[in-house]
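Colleague: The residues making up each chain are set out below.
Protein chains: 2
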Amino acid sequence: MALIVQKYGGTSVGDIERIKNVARKVKARVDQGHQLVVVLSAMAGVTNSLIALAGEISSDPDPRELDVLLTTGEQQSVALFCMAAREMGMPARSLMGFQAAILTDRMFGRARINFVETRRIHELLDKGRLVVVAGFQGVDEDTGDITTLGRGGSDTTAVALAAALRAEVCEIYTDVEGVFTTDPNVEPKARKLAQVSYEEMLEMASLGAKVLDIRSVALAAKFGVRVHVRSTFTDREGTMVIPEDHIDEKLMVSGVAYNKNEARIKVRGVPDQPGVASKLFTPISQAGIVVDVIIQNTSADGITDLTFTVPKTDYKRALELVQQVAQTIGARAVRGDTDIAKVSIIGIGMRNHSGVATKMFETLARENINIQMINTSEIKISCVIEEKYTELAVRALHEAFGLAQQNEPEAEEVSRV
Amino acid sequence: MALIVQKYGGTSVGDIERIKNVARKVKARVDQGHQLVVVLSAMAGVTNSLIALAGEISSDPDPRELDVLLTTGEQQSVALFCMAAREMGMPARSLMGFQAAILTDRMFGRARINFVETRRIHELLDKGRLVVVAGFQGVDEDTGDITTLGRGGSDTTAVALAAALRAEVCEIYTDVEGVFTTDPNVEPKARKLAQVSYEEMLEMASLGAKVLDIRSVALAAKFGVRVHVRSTFTDREGTMVIPEDHIDEKLMVSGVAYNKNEARIKVRGVPDQPGVASKLFTPISQAGIVVDVIIQNTSADGITDLTFTVPKTDYKRALELVQQVAQTIGARAVRGDTDIAKVSIIGIGMRNHSGVATKMFETLARENINIQMINTSEIKISCVIEEKYTELAVRALHEAFGLAQQNEPEAEEVSRV
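In order, the protein sequence lines correspond to chains A and B.
When we follow our numbering, the leftmost residue of the first sequence carries the number 6, and every step to the right adds one.
When we follow our numbering, the leftmost residue of the second sequence carries the number 6, and every step to the right adds one.
Keep in mind that the hints are not guaranteed to be accurate.
[As the list claims (entries may be wrong)] Which residues of chain A face chain B? A partial, calculated answer using Cβ under 8 Å:
(1) Ile56
(2) Glu61
(3) Ser63
(4) Gln80
(5) Gln81
(6) Met93
(7) Gly94
(8) Ser99
(9) Glu122
(10) Met257
(11) Tyr320
[Stated by the list, open to error] Far from chain A by the CB rule (all over 10 Å, computed), these chain B residues:
(12) Ser63
(13) Ala84
(14) Glu92
(15) Arg98
(16) Arg322
(17) Tyr394
Hints are computed from structural coordinates only; laboratory data are not their basis.
On a predicted model such as this, the values are computed, not experimentally measured, just so you know.
Cβ coordinates follow ideal geometry from the N, Cα and C atoms, glycine included.
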């Protein structure tokens, strides 16, 4: 008998039939003798409808009250789920954030969990109850005000509960089958990974964010929570997100990610003096704009070039800010470019293999794709290229690093719809 | 400066425009320097939609979880209202049942308020906040489980808060203008009462229940809360529901009520022996059927007739039960009749006037309406008549007791739409 935390997303509980389906899945596990804590999101579409309703009142609704409004979505889904569970003979108890005692700070809309008081949950489990917790919500530790954890917050609720309850596993049920070696829409040969480390998952943001909220991965890493990402709509195993030293086969490269949502800004002829970079980037960070890749060329004749990327949505604002600063620091020119993409390879095995970067550059060169910027971390190499080559680059890298052929197809794959 | 509790019903907050309208009304009072606590119902239709959703899962949904589900309606309306209030420059704070500390027993779906902890509300009011409380909901004092107070429960929330906060007045805003001398759909000359006592309001159930939940009247009477029932959609005064000794003009008759929802059962030739009535009514009350008027004729030759009324919805079941008992007690016959109506006159002035009953009987006789049963209380006289004469009887009594002409029409009435 194990204690398992399960989380089902909005699509999984999108209507009454799906709620009943989830109740059946839960019952199968309960019947095996396991103790279950189920975390639910709001029914698909409900949160957006509520946001739209608030938008009819204010373009900038009171954050405290927006959280009060939005948490009703999860409250409804847990209540309906408990009714369905009871119809199937499972004595279920719903708990809101204030009842499960998910205590947070006071940052409405993006609160952080400070503490989970598990006494009540343990009491209910000991009485043989199925415990069903509203995801995404908590209460301010000091005032009892209702808070939300931000988009994807139900994943965080589940991981935090799994950590606090020392659950054997935290199962995240979603509408995809797991984490893939790359986006299957780009490369149909993309393969589901059986295991991935927290570090890889964090670096795979663009691949992983679709299946698991990034903040919940960081939380899982902090407390060593084993997370199983899998589909609500099949019984097949998904992807285990686990500590690096639990990974059976450390792949040199486990995934190819891409990101088309960045733009590049190039500042040419910058005087190569101390303090110049600071002058350039301070106004950008003060404007809340996140800079990703930064490249500075080696200086020639006391002047240099500085190139960096920002999210496309912030591109115009960033460009204006840079143009202002460029004059004061005596830079020659500012150029911008939105037709770029970032392609990355990720793998914990990289740490112990040389030549991975070379192989990446060679692969892109073979396809006549010019590399405009390069950025590396311990387990990731990113190249900025022209946007139109994105899919070509992804497929070539996926092939070059043998991601499609690494394992025999699983027997169950045959039954894939 | 006064402390005022206001409650707005579901129609009053039925859509975003109406929520904004209510916020404007509240602002007008706040601008006059008053401290306000606003209680809101769910937006019209929301509670019924949620009940329908639960009905898709179970014909008898888990009562605890049904309360969790239904309370989201009020949670949404208070959050939206606070956003609207803030847009108008009012610093508003919503409080759910668990935050306002409305502590109840554990009777899900029809919980009773045990205690209201007002500390937090007073703190917020002292800081100049507008306090907005979700109606209809509380929490079980022992477990913190969410409870609801039953249909019309937001009236009870408002009165309980007014009592606990010692508010100057509890204003109940609804879609009618107050309590009328009779149903204006039956008698267009019906007049709005400026004042009515708690006792009259309770006796006027069929007139009053449309504007004010009966349990909240009993609560108001217990704590002497002055309740002002009025329309959300005009600025005119409504009806003050107040202690009898505050009533300026004690009318002999203040209202004419009627009830078409009862049926009559007559047991003939009952042996006039001790224990017979008990044998007859015990199975009926055990079946949860509420008996209203009971009449027993004087005995002749040791046998008597027993006649009583029950709600029409329970008529068939009651008739079957009585027919079974009738055999065992040796009654001669059981007859039933659903074509009846009960017409009542209510007035605290009755206590000090004789001849009121006589006048009622004469009035009905003049219209050739036969009285089948009579029932009296200290401030009410009810007659059971043939159903088809209901409207005729109501109009005749309204006229006979001078209800339409008692006062000059108010000047504002001219502006009545």
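Colleague: All hints are to be evaluated individually against the structure, with a verdict given for each.
Modeller: Comparing the hints with the structure gives:
1. The restraint placing Ile56 (chain A) at the interface with chain B is violated, with a minimum CB-CB distance near 12 Å, outside the 8 Å limit.
2. About 5 Å separates the beta-carbon of Glu61 (chain A) from the nearest beta-carbon of chain B, less than 8 Å, and the hint is met.
3. Taking 8 Å as the C-beta cut-off, the interface hint given for Ser63 (chain A) holds, the closest approach to chain B being about 5 Å.
4. A cut of 8 Å between beta carbons decides the hint on Gln80 (chain A): the least distance to chain B is about 5 Å, and the hint holds.
5. For the restraint placing Gln81 (chain A) at the interface with chain B, the shortest Cβ-Cβ distance is roughly 5 Å, inside the 8 Å limit, so the hint holds.
6. Evaluation of the Met93 (chain A) hint against chain B yields a violated restraint, the C-beta minimum of about 10 Å exceeding 8 Å.
7. A least Cβ separation of about 12 Å between Gly94 (chain A) and chain B goes past the 8 Å threshold, and the interface hint is therefore violated.
8. Hint on Ser99 (chain A) holds. Least Cβ distance to chain B is approximately 5 Å, under the 8 Å limit.
9. The beta carbon of Glu122 (chain A) is not positioned within 8 Å of any beta carbon in chain B (closest approach about 12 Å), and the interface hint is therefore violated.
10. Look at Met257 (chain A): its Cβ only gets to about 50 Å from chain B, farther than 8 Å, so that hint breaks.
11. The beta carbon of Tyr320 (chain A) comes no nearer than 31 Å to any beta carbon in chain B, farther than 8 Å, and the hint placing it at the interface is violated.
12. Non-interface call for Ser63 (chain B) relative to chain A: violated, since the shortest CB-CB distance, roughly 5 Å, does not exceed 10 Å.
13. The non-interface label for Ala84 (chain B) is inconsistent with chain A: the shortest C-beta to C-beta separation is roughly 4 Å, within 10 Å.
14. Glu92 (chain B), annotated as away from the interface, has a beta carbon of chain A within 10 Å; the closest lies near 5 Å.
15. With a least beta-carbon separation of about 8 Å from chain A, Arg98 (chain B) fails to lie farther than 10 Å from that chain, contradicting its non-interface assignment.
16. At the 10 Å boundary, the C-beta of Arg322 (chain B) stays outside the reach of chain A, the nearest C-beta of that chain being 28 Å off.
17. Taking the minimum C-beta to C-beta distance to chain A, about 47 Å, the non-interface status of Tyr394 (chain B) holds against the 10 Å cut.
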